[in-house]
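Protein chains: 2
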Amino acid sequence: MIQLNHFSFDQNSILEVCKRIKPYIHQTPILTSQSLDKMFGANLFFKCENFQKTGAFKMRGAANAVFSLSDSDIKNGVCTHSSGNHAQALAWAARLRNVPAYIVMPNNSPAVKKQAVLGYGATVIESENTLQDRERNLAEVMQKTKAFFVPPYNDYAVIAGQASCAKEIIDETPDLDIIISPVGGGGLLSGTAISTHLFSPKTKVFAAEPILADDAFESFYSGILQTQRPPKTIADGLRTSLGEKNFEIIQKYVSEIRLATEEQIVQAMKLIWERLKIVIEPSCALPLAIILANPQDFAGKRIAMILTGGNVDLSSFFENLLSQK
Amino acid sequence: MIQLNHFSFDQNSILEVCKRIKPYIHQTPILTSQSLDKMFGANLFFKCENFQKTGAFKMRGAANAVFSLSDSDIKNGVCTHSSGNHAQALAWAARLRNVPAYIVMPNNSPAVKKQAVLGYGATVIESENTLQDRERNLAEVMQKTKAFFVPPYNDYAVIAGQASCAKEIIDETPDLDIIISPVGGGGLLSGTAISTHLFSPKTKVFAAEPILADDAFESFYSGILQTQRPPKTIADGLRTSLGEKNFEIIQKYVSEIRLATEEQIVQAMKLIWERLKIVIEPSCALPLAIILANPQDFAGKRIAMILTGGNVDLSSFFENLLSQK
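Chains A and B are the protein sequences, given in the same order.
Last residue of the first sequence: number 331 in our numbering, and the count goes up by one each step with no gaps.
Last residue of the second sequence: number 331 in our numbering, and the count goes up by one each step with no gaps.
Bound-form chain A, shown alone (with noise of 0.2 Å):
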């Protein structure tokens, strides 16, 4: 049983949400890789959020919120402002509900990730690239349209979606040590801590969150919550400030949250793409990153990490390759 200040969870109410949200996501699956197993002389699972629908595993928190809306609560749609993953999740969300979806995006949002947004049947509000202009911005759109407000982190009913990916994760694979999960907005990571606490209480829950952009580390140690310095970290996943109602299950049920370096990052990245040869996001490579950080801290033991997603523009790649061969 988890018992916060405002809601509480219990086993129940997660296995609830497992059955709810079954029909419209991905079991993903785990990897594993004896080259990197031998390399840090340890156990590793890598669960595959990249491979879930629309991406990334906000699908999961994304279904749940839209799912558990009653007929009545939703009937105007829904809304919310993200220029990444949860746009397209909630877009894909709703259009499964058959209700609509606005998604406040900034102006410089990459056109491929509008594009995606706008095929899964959403309709786009452009703000200006400021915290102000998107929640004036979404203020407007909840007046005009009455939908119902869908926060990509802060919020139990995402909380709780996010939390069926370790639940998976610790029925497939038994007496893990520890449990990483990258942290941004915390959603995931508070998700992660609450199914953990719950259905695997041994598992300890690690976060791993850049350096360049460490307001949960700072919040965490210092038992107050600490807003994002201008953060510029490739995890472009993980530039978002730090959520209160995640902050409070993460003080309580998370072991330690450690940093990495932006080239931990990308060497993490490049081992993942090179040995288990999937695609992922940069913030994806936290939890492998804090392992190459500090090696001797995990050998030995058995640890699973979350994935989150792979949607990293590919662009740049591609547009090299035919002119250098």
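Treat the hints with care, since some could be wrong.
The list treats identical chains as interchangeable, and a pair is accepted whether it falls inside one copy or across any two copies.
Unchecked claim - When the alpha-carbon atoms are kept at most 25 Å apart in a straight line, the in silico DSS-like pairs for lysine-lysine are as follows: (1) Lys238 to Lys28; (2) Lys119 to Lys276; (3) Lys276 to Lys258; (4) Lys44 to Lys276; (5) Lys150 to Lys120; (6) Lys44 to Lys120; (7) Lys25 to Lys44; (8) Lys28 to Lys81; (9) Lys81 to Lys150; (10) Lys258 to Lys307; (11) Lys44 to Lys28; (12) Lys119 to Lys44; (13) Lys81 to Lys276; (14) Lys44 to Lys258; (15) Lys307 to Lys120; (16) Lys120 to Lys238; (17) Lys152 to Lys238; (18) Lys210 to Lys307.
Everything labelled a hint here was simulated from the structure, so no lab data went into it.
Following the hints, position chain B against chain A.
For chain B alone, kept in the frame of chain A given last:
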């Protein structure tokens, strides 16, 4: 029953091969993509040999060759000349059977490929990058070591090993209209044609080849084995010339060979990386590239494609990553 001039295959011989190599290879997954199916109006199945041991289908042929040799034939080890995936596969298969492997590699092979072969415990002999010098060096190695020569594709044991891939596809995905294999030396294509003829005779086998390395196309439609003109295609795994033994099988059991441009190859490769979230070599993109070239010929059909391997040099992508952010 497949009766060739100097050899024959039947269902039992392929089933025996599958059983022999099973402990040493992965039964690789078959991926699908709703968005690609929608884009092409067809049911597309991608057999992921990029997840195979040593990163490519070549492990199948090498394992069958190495494990079908008698103890006395293999007592001095095995040897070959190859700069690519066959080198790594033979090195690893030899290690599994606990015999030495001697690999003649051109001195301009990428360091990363040489490192991989050395990492599997093989001895590397450097040669000039000409066929003559490679063959001279190989002859010298054979004389000195008495190691058994395992050719990369022009060999019935290797062909039978590669045939196991299509057998897995047919078992998992019934009622296919077409299986498409890329063609370089012809090992995979001839193996695919054998298994398809024996186990799913209504399914057609298509081959896909770069316009810039079109010796198989020219050979197939002229009826006379042509040598490769200096090939410059980006699909480096397909630069080799078709083998004689492969050609006989291909003439009898392949329906069509189709060509793709370099631009179609890169476009197909990008689609696979983006939609399936996997890392594949340029050679793997050929099957989808020929569909891109003439989609109307493939609409409404059930089509399996073999993604041959994932050993691609990612250095430039990762070097650019930190500087571009």
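Okay, the hints, checked on the actual structure:
Taking CA atoms no more than 25 Å apart as the test, Lys238 paired with Lys28 passes in neither setting, with 36 Å inside one copy and 48 Å between copies. For the homomeric pair Lys119 and Lys276, the shortest alpha-carbon distances inside one copy (23 Å) and between copies (16 Å) are both at most 25 Å. Taking CA atoms no more than 25 Å apart as the test, Lys276 paired with Lys258 passes in neither setting, with 33 Å inside one copy and 43 Å between copies. Taking identical chains as interchangeable, the C-alpha atoms of Lys44 and Lys276 lie at most 25 Å apart only when both belong to the same chain, with a minimum of 17 Å there against 31 Å between chains.
Only within a single protomer do Lys150 and Lys120 lie at most 25 Å apart by alpha-carbon distance; the minimum there is 22 Å, versus 63 Å between protomers. Taking identical chains as interchangeable, the C-alpha atoms of Lys44 and Lys120 lie at most 25 Å apart only when they sit on different chains, with a minimum of 19 Å there against 41 Å within one chain. For the identical chains of this complex, Lys25 and Lys44 are neighbours neither inside a copy (37 Å) nor across copies (28 Å), given an alpha-carbon limit of 25 Å. For a Cα distance limit of 25 Å, the shortest separation of Lys28 from Lys81 inside one copy, 22 Å, qualifies, whereas the shortest one across copies, 54 Å, does not.
When the C-alpha separation of Lys81 and Lys150 is checked against a cutoff of 25 Å, the pair qualifies only within one copy, where the shortest distance is 14 Å, while the shortest distance between copies is 80 Å. Taking the closest pair of Cα atoms, Lys258 and Lys307 come within 25 Å of each other only inside a single copy of the chain (23 Å); across copies the shortest separation is 54 Å, beyond that limit. Within a single copy, Lys44 and Lys28 get their C-alpha atoms only as close as 35 Å, which misses the 25 Å cut-off; across copies the closest is 23 Å, which meets it. Proximity of Lys119 and Lys44 under a CA criterion of 25 Å is satisfied inter-copy only: 19 Å between copies versus 37 Å inside one chain copy.
Taking identical chains as interchangeable, the C-alpha atoms of Lys81 and Lys276 are never at most 25 Å apart, the minima being 45 Å within one chain and 38 Å between chains. With identical chains, the CA atoms of Lys44 and Lys258 are never at most 25 Å apart, being 34 Å at best within one copy and 45 Å at best between copies. In this assembly of identical chains, Lys307 and Lys120 lie within 25 Å of each other by CA distance neither inside one copy nor across copies; the values are 41 Å within and 31 Å between. In this homomeric assembly, Lys120 and Lys238 come within 25 Å of each other (Cα to Cα) only inside a single copy, at 22 Å, whereas the closest approach across copies is 37 Å.
Proximity of Lys152 and Lys238 under a CA criterion of 25 Å is satisfied in neither setting, with 35 Å inside one chain copy and 59 Å between copies. Taking identical chains as interchangeable, the C-alpha atoms of Lys210 and Lys307 lie at most 25 Å apart only when both belong to the same chain, with a minimum of 11 Å there against 49 Å between chains.
When held up to the earlier numbered hints, the structure conflicts with 1, 3, 7, 13, 14, 15 and 17 and fits the remainder.
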